[in-house]
Amino acid sequence: MAVDRRLLREQVRDEILNRLLKGVFPVGSRINEVQLAAEIGVSRTPLREALASLAQEGILDARPNRGYWVSALSEREIRETYPIIAQLEVLAIRLSDPEELARRAPLLIELAENMATSADTQGVQQADDEWHAGLLAACPNRRLLEMIGDTKRIVHRYEFAYLGDAHSVRESVDQHKRIAAALREQDLEAACAELESNWTISMHRLITRMTGSQEANGD
Numbered sequence: 001m002a003v004d005r006r007l008l009r010e011q012v013r014d015e016i017l018n019r020l021l022k023g024v025f026p027v028g029s030r031i032n033e034v035q036l037a038a039e040i041g042v043s044r045t046p047l048r049e050a051l052a053s054l055a056q057e058g059i060l061d062a063r064p065n066r067g068y069w070v071s072a073l074s075e076r077e078i079r080e081t082y083p084i085i086a087q088l089e090v091l092a093i094r095l096s097d098p099e100e101l102a103r104r105a106p107l108l109i110e111l112a113e114n115m116a117t118s119a120d121t122q123g124v125q126q127a128d129d130e131w132h133a134g135l136l137a138a139c140p141n142r143r144l145l146e147m148i149g150d151t152k153r154i155v156h157r158y159e160f161a162y163l164g165d166a167h168s169v170r171e172s173v174d175q176h177k178r179i180a181a182a183l184r185e186q187d188l189e190a191a192c193a194e195l196e197s198n199w200t201i202s203m204h205r206l207i208t209r210m211t212g213s214q215e216a217n218g219d
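Going by the UniProt record's numbering, the sequence shown opens with residue 1, and the numbers climb by one from there.
By construction, these hints were calculated from the structure, which means they are not laboratory data. We put the CB at the ideal spot given by N, CA and C, even for glycine. Misleading hints may appear alongside valid ones.
Label pairs and their calculated CB-CB ranges [as the list claims (entries may be wrong)]:
{"no.": "1", "residue 1": "Glu-189", "residue 2": "Asn-114", "range": "20 to 30 Å"}
{"no.": "2", "residue 1": "Ser-43", "residue 2": "Leu-91", "range": "33 to 43 Å"}
{"no.": "3", "residue 1": "Ser-43", "residue 2": "Arg-94", "range": "42 to 52 Å"}
In silico lysine-lysine, DSS-like type, Cα no more than 30 Å apart, as pairs [unchecked claim]:
{"no.": "4", "residue 1": "Lys-177", "residue 2": "Lys-152"}
{"no.": "5", "residue 1": "Lys-177", "residue 2": "Lys-22"}
{"no.": "6", "residue 1": "Lys-152", "residue 2": "Lys-22"}
Take the sequences, apply the hints, and build the full model.
Below, the structure is given as structure tokens:
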């Protein structure tokens, strides 16, 4: 029974997180627990456990005897999290079979092009997620992949909120293709350098858009 309860909590957590990523709950808004439990179709207990889990991750702000609010977006969180993801993905590549990575290179190039043809922000984000999933599929370390997934969830809402224009998407596509090309040639060092650069460029681009948006709104 404990296992079933934990599974339900994780399912509820994922559903809340998906709604957060899509902007259903604006930054600074209060979570209506009664309404949300009814919409998801669960009791208050697994809902509160899921909310507490998201609060521990910093995605929600828990206020004693008042409930949960959507945490503000933070430049510091971006600066602290993106380098971690970069290094974890680089480690995942280094642990992967180079020949398997080379075999996956054509698929990675195809997935990169899917980003360029996506019609909206959600489509671009999904295509980017699929590309990185394809990149990491050769990594044998399941625990490392879990850590990468958990850390990425923190930054996804930033990317949904501040994803860039067609020009920046094209730049990202080109860089993803360069990573794939390096893997095809089994040039591991070049691939790792490009991958780390990709995350660094994305971090700075996101911070620029975030601060620009805040200045425009008078924050």
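Tested hints:
1. Glu-189 - Asn-114: 20 to 30 Å: Cβ of Glu-189 to Cβ of Asn-114: about 27 Å, so the range 20 to 30 Å holds.
2. Ser-43 - Leu-91: 33 to 43 Å: Since Ser-43 and Leu-91 have Cβ atoms about 40 Å apart, the given range 33 to 43 Å holds.
3. Ser-43 - Arg-94: 42 to 52 Å: Because 45 Å falls inside the window, the suggested range holds.
4. Lys-177 - Lys-152: Within the cut-off at roughly 21 Å; holds.
5. Lys-177 - Lys-22: 27 Å, holds
6. Lys-152 - Lys-22: At roughly 15 Å apart (the allowed maximum being 30 Å), Lys-22 and Lys-152 satisfy the hint.
When held up to the earlier numbered hints, the structure conflicts with none and fits them all.
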